[in-house]
Amino acid sequence: MCLAIPMRIIEIEGFTGVADVDGVSRKVRLDLLPEVNLGDYILVHAGLAIARLDAEEAEETLSLLRKLADEI
Amino acid sequence: MKFSEEFRDKELVRDIAGKLKQLGVAPATIMEVCGTHTMAAARFGLKELLPPPVRLVSGPGCPVCVTAQEDLDGYLALGEQPGIVLASFGDMLRVPGTNTSLEKQRAKGAAVKVVYSPLDAVDLAKQEPEKHVVFFGVGFETTMPATAVAIQVAAADQVENFSVFCVHKTMPEALKALLSGGEVKVSGLLCPGHVTTIIGAAAYEFIPRDFGIPCAVTGFEPLDLLLGIESILRQLSRGEAKVENVYTRAVPAQPNPRAQALLNEVFAPADARWRGLGVIPGSGVTIREKYQEFDARRRFAPILAQVPPPPPSACRCGDILRGVMRPQECPLFDKVCTPSQPVGPCMVSSEGACAAVYRYGRE
Chain A
1 MCLAIPMRII
11 EIEGFTGVAD
21 VDGVSRKVRL
31 DLLPEVNLGD
41 YILVHAGLAI
51 ARLDAEEAEE
61 TLSLLRKLAD
71 EI
Chain B
1 MKFSEEFRDK
11 ELVRDIAGKL
21 KQLGVAPATI
31 MEVCGTHTMA
41 AARFGLKELL
51 PPPVRLVSGP
61 GCPVCVTAQE
71 DLDGYLALGE
81 QPGIVLASFG
91 DMLRVPGTNT
101 SLEKQRAKGA
111 AVKVVYSPLD
121 AVDLAKQEPE
131 KHVVFFGVGF
141 ETTMPATAVA
151 IQVAAADQVE
161 NFSVFCVHKT
171 MPEALKALLS
181 GGEVKVSGLL
191 CPGHVTTIIG
201 AAAYEFIPRD
211 FGIPCAVTGF
221 EPLDLLLGIE
231 SILRQLSRGE
241 AKVENVYTRA
251 VPAQPNPRAQ
261 ALLNEVFAPA
271 DARWRGLGVI
281 PGSGVTIREK
291 YQEFDARRRF
301 APILAQVPPP
311 PPSACRCGDI
321 LRGVMRPQEC
331 PLFDKVCTPS
341 QPVGPCMVSS
351 EGACAAVYRY
361 GRE
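Taken in sequence, the protein lines are chains A and B.
Each residue of the first sequence is one higher than the one before, counting from 1 in the working numbering.
Each residue of the second sequence is one higher than the one before, counting from 1 in the working numbering.
Hints listed in this document are in silico derivations from the structure and should not be mistaken for laboratory results.
With a cut-off of at most 25 Å between alpha-carbon atoms, the simulated DMTMM-like pairs for lysine to aspartate or glutamate come out as follows:
1) Lys113/B / Glu70/B
2) Lys10/B / Asp22/A
3) Lys67/A / Glu240/B
4) Lys2/B / Glu13/A
5) Lys242/B / Asp54/A
6) Lys10/B / Asp70/A
7) Lys67/A / Glu5/B
8) Lys21/B / Glu60/A
9) Lys47/B / Asp70/A
10) Lys19/B / Glu59/A
11) Lys2/B / Asp40/A
12) Lys67/A / Glu48/B
13) Lys2/B / Asp54/A
Simulated coverage check for chain B against chain A, where a stretch passes if three residues somewhere in it have a Cβ under 8 Å from a Cβ of chain A:
14) 5 to 17
15) 34 to 41
16) 62 to 74
17) 116 to 130
18) 143 to 150
19) 250 to 258
Just the calculated beta-carbon pair ranges, DEER-fashion:
20) Leu64/A / Arg55/B: 23 to 31 Å
21) Pro82/B / Glu59/A: 55 to 63 Å
22) Arg66/A / Lys113/B: 43 to 51 Å
23) Ala107/B / Ala55/A: 46 to 54 Å
24) Ser25/A / Glu293/B: 30 to 38 Å
25) Ala155/B / Ile10/A: 24 to 32 Å
26) Ala107/B / Val21/A: 29 to 37 Å
Ideal Cβ placement from N, Cα and C applies to all residues, glycine included.
Start from the sequences and build out the full structure, keeping to the hints where you can.
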């Protein structure tokens, strides 16, 4: 039940917005993340954005994974 | 960066799994606390990829599964009342109560609506002002903020025909009870990544401190799961125990202060009854008095007081949720209990440990 989908914010109006994944868009509440901007990726759960996804951290995790594949 | 397919790279999964197998690790039992992890691990075939002495055991993190029979029977009883619409996440539909289920009630003509968000239930109430819509507030900290926002929206818009039957539960207290019980021996915990976006990784620090068990806050893609496993195995091999966050793209170092404030505004900590674990002090929430008109348990207390306690059942979901029994060890598994004729919630929920083993293999 804790599934949350990464979606991209395409509209913002106050505490509500529209987010999109693979061409499917839906309304989301942004109460927890007033700092999000258009184009940001967020995690959406039960109609609420619960976290903003951080591209730099994601890249860092991927490079850590590649290092693990080589090293351990 | 789409934050999904990058973390499913098959070659990288194979390479890392291969390296993990060469490590020569000691036997270890790793509990995936979260039901969404249970299903992700089963779907991606993670168990096949682990070094043989490492085994995964499912924990108490499937909200559908841990919802107490008493609570489900109470919610179902409200559906018998004229003028009440039950609005629930689809996951709860087929869970058998003592006498019926939401699905069976709906088949018999009761007003049961499936919603994707508690906010949809508020909209439903606005559309049907002559009815009273009761949302089934199931879920952990991931889901609680959405319910809190729905209650605030209902209060602001003066939606008087909406309430929440709140059975939300909190994860750290349940883990503490589980580990204190001493029944289940785990070497490490994969902590629920999405719950942690709300409560912060520091919420698990008592686990390494008080129980000496390493933790990894883990995401839900195959590479995330491998990274979590690697973190725990590395900590074990070094004799360390700490909380490592390997889901940093979603879980920041500090918990979201707005989520904390929102939850504190709408909910107060309370004891909660868990299937299989009994009543755990402080492991749930009630709706604060300020919002009491939206509290279905309070509003319908006289009806709920009439609901008889459930009779004992042969279903062993409780043992499975505590990680002391594996699904295939239950005498009902695949005999009288199957996904099409489920006896207990662990076989119903798409995230239940029994459903995962039934669908994706018996190890």
